[in-house]
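Chains as they are written, first to last, in our numbering: chain A, 1 to 286; chain R, 1001 to 1286; chain W, 2001 to 2286.
Source of the hints: derived by calculation from the structure; they are not laboratory data.
Just so we're clear, the structure is a prediction, and the values are computed from it rather than from any experiment.
Some clues are possibly wrong.
Claimed, not checked - In silico SDA-like links for lysine to any residue, alpha-carbon gap of 25 Å or less:
id : chain 1 : residue 1 : chain 2 : residue 2
1  : W       : Lys2019   : A       : Ala246
2  : R       : Lys1019   : W       : Glu2257
3  : R       : Lys1019   : R       : Met1260
4  : R       : Lys1019   : W       : Gly2250
5  : A       : Lys19     : A       : Glu189
6  : W       : Lys2019   : W       : Glu2054
Each chain, letter by letter, is given below.
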Amino acid sequence: MRLRSLLFAPAVRPDLISKLGRPGADGVVIDCEDATPAHLKADGRANARTLGGELAASGVSVFVRVNGVGTSWFDDDIAHAIPEGARGIVVPMVERPTQLGHLAAALEQAGRRDLDVVAGLETASGVADARSLLSHPVVTAGYFGAEDFIADMGGVRTRSNNEVLHARSEVALAGRLASVPVLDQVVVEFRDAERFTHEAAEARALGYAGKLCIHPGQVALAHAAFTPTPEEAAAARALIAQYEAAERDGSGVIVVEGRMIDGPLVVQARRVVASAGADGAPEAGG
Amino acid sequence: MRLRSLLFAPAVRPDLISKLGRPGADGVVIDCEDATPAHLKADGRANARTLGGELAASGVSVFVRVNGVGTSWFDDDIAHAIPEGARGIVVPMVERPTQLGHLAAALEQAGRRDLDVVAGLETASGVADARSLLSHPVVTAGYFGAEDFIADMGGVRTRSNNEVLHARSEVALAGRLASVPVLDQVVVEFRDAERFTHEAAEARALGYAGKLCIHPGQVALAHAAFTPTPEEAAAARALIAQYEAAERDGSGVIVVEGRMIDGPLVVQARRVVASAGADGAPEAGG
Amino acid sequence: MRLRSLLFAPAVRPDLISKLGRPGADGVVIDCEDATPAHLKADGRANARTLGGELAASGVSVFVRVNGVGTSWFDDDIAHAIPEGARGIVVPMVERPTQLGHLAAALEQAGRRDLDVVAGLETASGVADARSLLSHPVVTAGYFGAEDFIADMGGVRTRSNNEVLHARSEVALAGRLASVPVLDQVVVEFRDAERFTHEAAEARALGYAGKLCIHPGQVALAHAAFTPTPEEAAAARALIAQYEAAERDGSGVIVVEGRMIDGPLVVQARRVVASAGADGAPEAGG
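Use the sequences and the hints to build the structure in full.
Written out as structure tokens, the structure is:
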């Protein structure tokens, strides 16, 4: 599942939901949790179901963020908020394997075990148990929520992201161990393109597949950051060709632009080519 | 328990102990461990008991740092160093749950299970098992000791603190999982206010409640760093008010100064208001 | 085992192998894995055995990097690649304790349980289980492989090394818990002395004993970085002397150049003196 971007809109904002498909995000999320006040949860569910269904019918990849497993809203969310044709659900504040067992049972009962499940790790407990949580069979992707995590820790968010490097790294590792893609934290300064792009580069370096987006303008930034540039792809292809020629000549190491290249760098290059190729580049490798 | 600062003095320095109360630290520590040479442990204990008792009687929150569980001094420290009216003990170099079991039994036997116990995590083993150690029922707070940790690792301390970010983050996480406050590492350059303030901001961002202090001048810096400024508190109150008004109007998301605000940022704001309020600000929220 | 440097050469490059001893690395590694193409594994083994044997006979500390446990080459590597007089083997891509059990059995059967075993942690799984892997009785040292790790994570390597700080820290911690030395990642930009020296300082701060080297010119840089300078050693000796005098006078804390010095800083100083002394400095302490 390719998830460079998941674009959120509040379930109580039909105006924003109707525009969710435009920026071309890899997935869109109608948010019945944080963005929907407690006294409007029923309205949010109705919007998610009808407007989400229209989006899905038009070919958009639609997710619904339900309220946390164990909240009083969760069962109704599963029963009433998920539209026909939805691709999946986003589950916030996942902390314990038993919650995921409950979720799997609820989806089973609703006849919706086909849905993708994006598990949010955004508390101390969620991060601490990231490995077992993301490895749960019901989970198909994950995300790290920096704002909620730091709220739970009683810490302070900073531009340096130093205070979340440990948790962000641990969630990326857990995603890899579970073989599910993980998405990186929101940038709440939604007009700050530089910060978004900087964070996206950090996230890609750590192994994240994409970023949560809370504004349509962030989607293109995410796709740019999580897709190799044509120059990167060309350099990677050249490196692979040079390495394969050297290998035929009996050498397992080559020097390219002052760098000693062997197996692991070739693996990295093949990955660049593969993800560039998914966008329709002429010669996809690896 | 509010612990923005714990101010240390050697148990063999009556002159410094007598002045421990002046800077208004949240707690003071008479140190029978590192700061007391082996041949003076008995003198240290006597000072801790008598001078500590006087401080406690004058309303100061007094702790004694005992020698590590398992050292030849530990039993005598528990029996003879803890003054009447002490608030707690600080236990260095905690590495194994069995040590905490031994400690709990020793306190029980001495009739002192009322004492707070601040557990020092400052070795590779202590950091590696931080989660189980801080969750032990005898523990009421913790600290991370960077100098001892790096000495044990065979590493080198630097101003960047990069070499301890992993351990510092892990101890903060363990504290949150155990619901006990944790205090951050000492700054041995005791006249370097800039370094102290920078480290304190890092520590607050990570979720630490305060810092260990080894000089009276560090106490005010710690309190400044771990208490929201009036401006921070005012901004947090305004954000909460704006959010609550928006919520009544049916929206779960607002925009404040270019930032998209929803649940987790409101939780962070409430925490700011709460800790500002504890200092007697006029309108405490949260 | 002192391992400030391990210098690699491809097993298919007799010209480079013959020069491996010159830079005076603490160990040299004939690489039958990444640097040897699949169709030349047998040639590589023969070179490792004969040329490695000559190096060992001339007093060089020789290691062979075998292919991973479980690959089709591994058994032949153990049987045919290890020269007379070899000091050890380097085992890449270690991920599970069962692989180390298999390795121990293979060494036993070959009558080579005397060999040192340097275990490479360079995948998500290897890093995730670093503590149990490095604690396995067959392992006598470890290394962290950043390029392979990031290739496995699907991430991107950067000069900041932020994307590997978590994994690098975790491997250093695991090494300390297991009481085995660990070596830090390769710098593939082999002419970039500044980057090598910067990374080596980071690694030493984290507790690493040395660095993998892929070019003869990196060995001297590694030794410089992982050996205290005469100035550092002299300052450490002075600090210890001053502290011991103060201790005799009844104080467990001294002030040296604006720093409050007690137990842990003295431990750090003794370690500096000890590692300086190993190079033949006149007055080795600690």
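Violated constraints from the hint list, given by number and in increasing order: Of the numbered hints given earlier, the structure breaks just one, which is hint 3.
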